[in-house]
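**Student:** Spelled out from the first residue to the last, the chains are:
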Amino acid sequence: MTDTIDEKQTPFARNPRHFGIDPGEPWPDDVPMDQDDTRWRYQGDPKGAKKAERRIAAAWTVTLLASIGLAAVYVDGANNQLAGLCWGLAFGGLGVGLILWARDLMPGHDVIASRGHHNVSSEADRIAVAESLGRGLDPMARRPFLLKMLGAVGGVFGLAIAFPIASLGPRPHRNLYQTAWGKGVRAVTQDGTPIRPSELPVNGILTVFPETNPSDALSPTLLINLGDADYDTPPERVGWNIPIDGKTGIVAISKICTHAGCPASLYNVVTHQLVCPCHYSTFDVLHLCQPIFGPASRGLPQLPIAVDAQGFIVAQADYSRAGGAPVGPGFWNRG
Amino acid sequence: MSTTEERIAAQKRLRATRAGTDTIDERLGSSKFLTSVLDKIFPDHWSFMVGEIAMDSLIVLIITGIYLALFYVPSSKEVVYAPTSGHVYIPLVGQKMSEAYQSVINISFNVRFGLIMRQAHHWAALIFLAAVFFHMARIFFTGAFRKPREINWIIGLLLWQIVALEGFTGYSLPDDLLSGTGLRVIYSIIESIPFVGTWLVYALWGGRFPGTSLIPRLFVVHEFLFPLLIIGLLTAHLMILWHQKHTDFPGPGKTETNIRGSRIWPQYALKAGGLMMLVSSVIFLLAGFVQINPVWIYGPYQPYTVSAGAQPDWYLGWQDGAVRLWPHWEFRSFGHEIANPFFPGLLLPGILLGIMFAWPWIDKKIYKDYRAHNLLDRPRDKPFRTGVGAAAVTLFSLLTMASGTDIIANNLHVSYEAIVVALDYLVIIGPVVAFIIAYKACQRLQEVDFHPIQRPVGGVIYRTPDGGYHTVGDVHHGPSHDVPADAGASHGSGEHGSGEHGSGGAGRDSEKSVPAPSAGD
Ligand code: HEM
Ligand code: FES
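Chains as they are written, first to last, in my numbering: chain H, 9 to 343; chain X, 236 to 756.
Here chain X stands alone, though its shape is the one from the complex (with noise of 0.2 angstroms):
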């Protein structure tokens, strides 16, 4: 296709580019670097896009939020709902609010495009924070913590719980009944920590609860503190998985010491930012259609009010479920307790939090495998870590669950006790159930199919008229190109810790012994 005049053309090209290149490489010397950068290589799979969907959000996030932040006002002075100008919500005409509530009510009535941007700001939260979740589960399940990337699975946790730490502030700076009575709750599970529990909430509050402190603070921590740690660990979290190159699933031709891919210049970056766009577009079509926090129909905070159905966003669920499920224990002795929300608000998360940090070792331990990995497991070929992940996706399911027990309740038309007590089994016996279920379906599956760099390469077979053969599609002309299960430093080798693999070996032996078609002969 390409004529003379386009090849002069593309040579012009080129000179343009240097001319600009140049410029900068003078002063930087940054040639080398840019390229790299332009040729990086980026596998290609459905789930490595759920952090970039996380990504996607955030920065939705960061734009609203600037927006919203120019009309809120971070005070608790109590004022009598009057507004100057514009449109006014009557049912709360007279009433008695927070200075903060009431420039939330503004900036959803009295500001054009204000309840857009409120209800974007809130659903790209909702977004941002699944799509942290899915994008943990990935990780765990393919087994992609393991070393040499034990760093970012931490820092990944870090800023998972910033993340609902300052989902959790935003939803409180409203100053509506809902956030209120959160903030009530967290105030005495803070209060509940033994020793410095009263000392921790009367520095945070500045007093007793609810004084007027709070929301100035809150104000700040939202703003500032946890957006600057959020974007300084995930730009840590992002430059390390930089350097060390993404992951990737066992397939034909992948190694541990290559990496398949698609250039991140052009296509991989203008998709990335189509994906951006995309994003977009749900949070702003979510944001139209879909409300969100109707702070106007809650009202405004009174420490005496409270309304049924009060629950924290979904991702705080599982820990508003524990405290509800947790049984009525209390320690005391000696003049001291230990209350109640300290066991289900902070020992158990804390607990369950420790042990995912300790996870790459643990794992380390279960499998003695010491050895860095770039290619993913198969959720299947390790059916014990499935197990354990399937089992605490269960738990994190049933908690968020019992969160929304009253709700239950009332469209099931059964007691609510009878929900939490069944619930109170279900905690206990369903994460046991799912891991016996996740490990047999593991083992299954190895049973029914065999691994994908065993497979049989290949893909179209094509005859040409005269006698020759050339294939089309999954193929790759390499030398190497049925890297067998036990090829140097690839996958395999030092796995079979557990004896898991035993009933897969036979029958995947028996099928890598079918024909791999070769190209051209």
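Next up, chain H with everything else stripped away, as it sits in the complex (with noise of 0.2 angstroms):
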């Protein structure tokens, strides 16, 4: 224990200003007076200090050699993998060394303090700060037709210099329920060859787009040969479809999901079924794509095509203008 003492006459001992209390004060009764936090973990112990010592040094040695490393790996092409390790072992080796300095070499010990203010000012500074305030709020109260209309002027104001962010984009308008389809506009496929029935087996199914604005994010539509299938079609869509042989043949839908507008591209064939791979809703293409599973509650619209005089197929009008629903999720003056 004699060490302890010798090591109180460092320039570095205690006094109780230390541990948060003002020596003017009387000694809080949750505070001890006689700690001592100069003590470290192997004070007292030079061979377990060496032994410390070597572990801190072995560690950074670890930085040292993935430095030198990390330049290696950079000049060599950057694998990925040893880059990975040069760093992770460069950052640890100087983390581990880091922690074992401060845990086995330095003070550290835990010491008890008052928490001196306790987050509240005293009455004398509370009511300070009130009149303070108060200096420039009497004044304001004693005007309340000015208060009035720097309220009203500064809500105008507002508004006013709200306009900018009206630049940002385009007013919401009937383009919200418009596809680039039209009368008389070829489906084309992604690398814009136009199709003529023949080209799509039974079952079979394809992803056409509007010759004339293929990006547009609301127009892809699917092709899909039903075959013989018995599909539902109410008196208004009627014709909408390209018959083969007599049987239903060729009917187009929007691929554009009515939940939240991701493509709907899984489609099963024994069923009959397209599915939406975001949140799975299911839509049953035989009964008016309605929607038999999932979140979604409209049924995906479909477009009425027809044959052309060259014999590709075309959209006989948009979706909405054909008097089917508007293509995609919904909004709020929808209806």
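If you're looking for bench data, these hints aren't it; they were derived computationally from the structure. In this text, all values refer to a predicted model and were calculated from it rather than measured experimentally. You may find that some hints are simply not true.
Coverage of chain X stretches by chain H, computed from C-beta distances (three or more under 8 angstroms per stretch; other residues unrestricted) [unchecked claim]:
#1 253-267
#2 438-444
#3 497-503
#4 624-637
Note that beta-carbon positions come from the ideal geometry of N, C-alpha and C, so glycine has one too.
With the hints as a guide, bring the two chains together.
**Tutor:** Structure follows, in structure tokens:
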């Protein structure tokens, strides 16, 4: 124990100020007086301290080697695994060394101190701040007219300076309901070629785009050759398909899921169901593409199609023009 | 151990140190402040490290992010992949893609150490969010949000939201198939907001989805706006923490008015620096060995394709899960409609978040406890709160699981529909069951042990050859080392509002009579 006494004669000996207590205050009884936080783990154990020093040096040697390795890896073409290993070892060695140094050779004994202020000011200070605020608030309160006017003017001006925000995007308008399809617009594949009905085998499925604007994101449409499957055709949809050999033949269905707009692209030929891989809404193609599972609550709209004079598949009209529901997910003024 | 030379050396060092601190002091008068900084006491508990881990990964994020920004091109301009120099990723040659996507491919294959920086950035983000979640849970379960720390709870929640958005915007920047699909869903969710939805999406996207305005705007938001907000709020968070002093668990010698721990300088500071290095180490090891977000495999975004198994990063999984599980409701009347994605995408998270913001005040009402606290609750001491927390964690986990339903279905070879239906029930029943189990477990735990500030204080007692005794271990030398529960302003009174303590009381009282060994007589 003689060590400790010696140690106290270093210039870093503690005095009560350090325990968070004003020397003028009475000493609180939850703060012990005789604390010593100058002790460290291997104090009085030179052998242990030496060993600790060696451990730390070893850790930092790892950092040293890994840093050199990092340079080599870089020059050698930066293999990702080796780079990760070197970075990881370099950081790791540094960190382990620092923590060991702190734990073994640094003073850091627990001490108990007063919390001092308790996040509350004295009554006098609290009165003072309210009074200082009052120095400005009182004259303001004496001019109710000016205050009201400031509020009103501020509101109007606030609206006025919101105008730059209006430039961020166009006003939503009719194009919310529109796609790039229209009367006579040809259906083309991803690489721009138009399609003849004969090119689509029974149960075949093909994603097509309007030739006039193939990149329009609401327009992708699925052509499905249903063969002789029994397709529900309400009166208003008569003539929207391209019959083959007097059977149902090819129908065109919007690929944009009515739930949240992902492409509904998984088709089950046996059950004639379309599944959207985003949240797994399932649509029954033979029954107006109504949703039968998942979060979607509206069927996929159907595009009326026909064959043009050259024998290529074209649209008869846009989805909404044809009297069908607009494409894609819902919004407020859609109804 | 200290010899005369050593003492002289120490005196010399002190003079040298003073030369430095005096130089600053004569300009800023900073000595008093600096002393208070160096001497600051920080309580020690492993769970207090979690906030630090969040901070450390944020630093890695900022540094790797600046690096990536030097190479990333925020542009939707369509290009055909044909890098001018260096490596070429063959499968993409000739494909149409945005300049943004091409620049990310370029960072991955043509910038030396670019890939590891990208992967480190992504891993750091995942670890960051994980640390934030754990940190938040620790704050909640221990009641650290109580007066006077409500402001930091609010700032923390704001940080959590901004940080999650920061993650999402970053995830969207590469403009790959997966992130494009995520953006499509977000577009629909915003579009579904009553009254203003269509205006909002047109303003954000500069028109209809996908448009060409979004990528540059996302870049500004991800690189500038959100980081600014995060750094600003975090500064406030930490300054308030500093000013209020950290909370601590109850324990021997600890009261509401004192603080026990080690000083910032030197031990705490070095350990914190070491922890930062270790966090960086883990991030870079992951970045080296565990591939993440290989956008070259997903391919560029095309509005008409999607891959199955499209999931957001894990921290947004719960929202995706809610969108998947929500029933197919929509409200349509008078020519207006509230579309389905609005309810799970915004309304549900909004309500849950509202409850979280209000929680410190709800908690006051429940426990009729309006006082300030510096000592934490152990989760078992507040069964109701712990039950609510357990229910929230369960709901969160189940919703996150729902985000991976297709993956679960594929791996377990059960039908997708069966899992969704099961989860539909589970998200209702699970939290209730979790609440009950946690509540009962807390009561049980209260019965079997006694509160740390009531436990006998002591360690190993040694008898010396001359007949004296001294104690080594868990002891402190103060006049009040066996603080009873009713001591002054400390823990205890006023927290019995809901009568939860009923069963534990008697048992603890009898335990309390265990004599506390004391030092040196
Ligand atoms: C950007 C994310 C965040 C960072 C980097 C961060 C950082 C920290 C750090 C380093 C501490 C002190 C150490 C600790 O207690 O763990 C702390 C304390 C605290 N944090 Fe956070 N935090 C973040 C988010 C949050 C969130 C989401 C909440 C809760 C909603 C929160 C609430 C608090 C509170 C109440 C304290 C005081 C704790 C006490 O004194 O016991 N923080 N934060
Ligand atoms: S977007 Fe198709 S199910 Fe959600």
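**Student:** Evaluate each hint against the coordinates.
**Tutor:** Verification of the hints:
For the segment 253-267 of chain X, the assignment as covered by chain H is violated, since 0 residues bring a beta-carbon within under 8 angstroms of that chain's beta-carbons and 3 are needed. Under a criterion of three residues with beta carbons nearer than 8 angstroms to beta carbons of chain H, the stated coverage of the segment 438-444 of chain X is upheld, 7 such residues being counted. With 5 residues bearing a CB less than 8 angstroms from a CB of chain H, the segment 497-503 of chain X meets the requirement of three and the coverage assertion stands. For the segment 624-637 of chain X, the stated coverage by chain H is violated: 0 residues have a C-beta nearer than 8 angstroms to a C-beta of that chain, whereas at least 3 were required.
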